[in-house]
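Novice: Line order of the protein sequences matches chains A and B. The first sequence begins at 1 in the numbering used here and counts up by one. The second sequence begins at 1 in the numbering used here and counts up by one.
Please keep in mind that the hints were generated in silico from the structure rather than gathered at the bench. A few of these clues could be false.
Here are the computed lysine-lysine pairs in the BS3-like style, where the Cα-Cα straight-line distance is at most 27 Å [said to hold, decoys possible]:
no.	chain 1	residue 1	chain 2	residue 2
1	B	K371	B	K25
2	A	K88	B	K143
3	B	K399	B	K23
4	A	K40	B	K143
5	A	K125	A	K32
6	B	K184	B	K169
7	A	K88	B	K399
8	B	K129	A	K88
9	B	K85	B	K371
10	B	K371	A	K88
11	B	K35	B	K281
12	A	K88	A	K139
13	B	K169	B	K129
14	B	K381	B	K23
15	B	K85	B	K381
Model, not experiment: these values are computed from the prediction.
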Amino acid sequence: MSQPHSLPLIIGIGNEYRGDDAVGLIVARRLKGRLADSVKVLEQTGDGAALMEAWLGAETVIVIDAVASGAAPGAIHRFDAITRPIPKNAFRCSTHAFGVAEAIELSRALGEIPRSLVVYGIEGKNFAAGVGLSPEVEKAACEAVRQVFAEAQAGLTNL
Amino acid sequence: MKSGTIKVDYLARVEGEGALYIKIKGGAVEEVRLKIFEPPRFFEAFLRGRHYSEAPDITSRICGICPIAYQMSAVHAMEDAFGVKVDGQLRALRRLIYCGEWIESHSLHIFLLHAPDFLGYEDAFAMAKDHRAVVERGLRLKKAGNEIVALLGGREIHPINIRVGGFYKLPAPRELLQLAEALKRARDEAEETVRWTATLDFPDFELEQDYEFVALRHEDEYPFNEGRIVSNRGLDISASEFDEHVIEEQVSYSNALHSTLKGRGEYLAGPLARYNLNFDKLSPLAREAAREAGLSSECRNPFRSIIVRSVEVLYACDEALRIIDEYEAPDRAAVEIVPRPGVGYGATEAPRGLLYHRYKIDEQGLIADAKIVPPTSQNQKRIETDLHQFVPHYLDLPKEQLTWRCEQAVRNYDPCISCATHFLRLEIERE
């Protein structure tokens with residue numbers, strides 16, 4: 001289960017059945033096809049404890065998730081979670097579990113946070129029940145794949 | 001119909017975002033309102049017309065932290081309707097998966113939601129910096145519980161392996177043995193946790209009046225899925241009699257209905273109720289740990305629920321290990337089901353307390369109507385009464401501290417994360 005510390009770990013977070021909330025999963029899936037097999041790509045629901053478990057021991061982590069921060073749909077935010085906490089309210093996925101922002105802070109408090117942890121938040125428009133991304137978010141997904149790919153590749157070439 | 005009233009009951013029963021309103025006059029508490037304002041979710045409505053076999057999967061979506069409870073109450077209610085009994089190893093495996101859920105749900109609450117109150121921290125992150133070992137232990141315990149659920153349920157959240165009659169797939173003996181190794185360590189850590197909760201500071205809060213505790217009671221075991229519904233004041237009914245004894249009423253300020261016992265009033269469901277009604281059925285290890293933690297066979301201080309929850313985590317680890325030790329694979333993963341029209345009742349013990357399901361099934365095996373009563377909505381009135389009695393002791397505190405004490409008191413009931421985190425807004429109106 002643990003991968004070599006030097007390769008980036010990519011985690012796409014989302015809910016397949018809540019419209020734009022699936023974007024993190026979709027970006028992860030598309031990345032999986034493009035990156036070398038040795039780069040681990042995971043899909044998760046956003047449960048904080050599972051995230052902490054997944055990135056334990058990893059040095060470089062990239063997380064992709066949908067956000068609702070009030071920005072224009074399809075906007076791509078990039079947060080460096082090492083320098084400062086990510087905005088909690090944007091990443092609130094559910095009131096029934098502790099999520100991405102909490103997992104990062106708890107990891108930080110326990111001294112378990114990866115050396116590098118970048119979070120890509122893609123602004124969603126429609127979070128109602130159903131399958132399928134809004135056009136703006138689909139466009140953003142393509143762009144996010146490019147950006148994350150480039151970042152992952154840069155990390156790989158720095159090894 | 002001959003005569004009467006048509007009522008459209010469109011209030012859903014949820015825990016969720018909460019607000020607290022307290023009115024104080026002349027130094028006395030005049031009014032306490034726990035407002036649940038999460039929007040209605042209409043589960044009972046959209047279950048209508050669905051096939052009976054979908055009930056476990058649909059109702060599990062009601063809660064991300066206790067999906068097993070919903071699945072267990074659903075399958076037992078359906079089996080009750082069809083006259084089916086699931087026994088032997090399948091019954092044991094159901095207890096095992098429930099152990100997993102108690103462990104993970106209770107651990108999340110004890111360590112991440114409630115402990116910060118006792119240690120004087122704003123939240124678990126602040127607490128984790130100074131009490132790292134404690135938080136790590138909590139996360140390991142939660143993980144052990146999740147592993148049980150993942151193994152037997154196919155997935156940690158909203159498990160996919162539960163069905164009316166049993167399971168879709170049985171666990172491999174080898175996997176159960178691996179799980180047992182992790183559970184032995186978890187059991188040790190659970191024991192440590194009981195000892196640790198005993199060292200916390202507890203407000204001396206015992207009510208002048210007794211609680212009426214309501215929980216399942218079974219003649220052979222600490223209850224999960226089966227038993228009669230009993231209380232410490234003489235209630236002793238089957239699940240099928242629940243509706244005759246429990247009245248639900250709508251209050252203007254809450255989207256979750258309040259429950260009371262007919263002719264008696266409010267009551268308490270949950271770990272404290274289970275403990276008080278079933279102490280003798282805990283394993284020797286759990287009973288001993290409880291005693292060493294300063295508990296007798298009876299506990300009426302709701303602040304000590306955190307100790308009781310940790311005793312239940314220990315019991316669940318113990319019980320899980322016993323089940324795995326005695327496991328012999330049954331010849332099939334599920335009992336055959338032949339649906340028939342009728343009504344079925346199920347009551348099981350969710351981590352937070354009694355969870356009641358009732359379904360009416362038609363000739364095609366479809367759900368004609370459904371009723372679901374979660375433990376948190378049953379406890380609402382009781383929470384308000386507790387606060388009524390509790391707040392006068394702390395009125396001299398500055399507002400911020402008083403608010404915190406009230407939140408801590410609400411968290412005694414573990415009313416689900418969304419309510420137990422800082423969604424609570426306290427308004428105090430002083431005259």
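Novice: Each hint needs a verdict: does it hold in this structure or not?
Specialist: Verification of the supplied hints:
1. Between B/K371 and B/K25 the CA atoms are separated by roughly 40 Å; this puts the pair beyond 27 Å, and the hint is violated.
2. The suggested pairing of A/K88 with B/K143 holds, with an alpha-carbon distance near 24 Å, which does not exceed 27 Å.
3. Straight-line distance between C-alpha atoms of B/K399 and B/K23 comes to about 13 Å, which keeps the hinted pair within the 27 Å bound.
4. Between A/K40 and B/K143 the CA atoms are separated by roughly 22 Å; this keeps the pair inside 27 Å, and the hint holds.
5. Distance restraint check for A/K125 and A/K32: the Cα-Cα separation of roughly 25 Å lies within the 27 Å cut-off, and the hinted pair is therefore satisfied.
6. In summary, the hint linking B/K184 to B/K169 is supported, as the alpha carbons are separated by about 25 Å, within the 27 Å threshold.
7. With a C-alpha separation of about 26 Å, the suggested pairing of A/K88 with B/K399 holds against the 27 Å cut-off.
8. Between B/K129 and A/K88 the CA atoms are separated by roughly 19 Å; this keeps the pair inside 27 Å, and the hint holds.
9. Pair hint B/K85 plus B/K371 holds up; C-alpha atoms about 22 Å apart against a cutoff of 27 Å.
10. With a C-alpha separation of about 35 Å, the suggested pair B/K371 and A/K88 falls outside the 27 Å cut-off, and the hint is violated.
11. A C-alpha spacing of about 36 Å is found between B/K35 and B/K281, which places the hinted pair above 27 Å, so the restraint is violated.
12. Proposed proximity of A/K88 and A/K139 is supported: the alpha carbons are some 25 Å apart, at most 27 Å.
13. For the given pair, B/K169 sits about 42 Å from B/K129 by alpha-carbon distance, which is inconsistent with the 27 Å threshold.
14. Simply put, B/K381 and B/K23 have alpha-carbon atoms about 16 Å apart, close enough for the 27 Å limit, and the pair holds.
15. Note on B/K85 and B/K381: the hinted pairing is violated, with a Cα-Cα distance of about 35 Å set against a maximum of 27 Å.
Hints 1, 10, 11, 13 and 15 from the earlier list are contradicted by this structure; the remaining hints agree with it.
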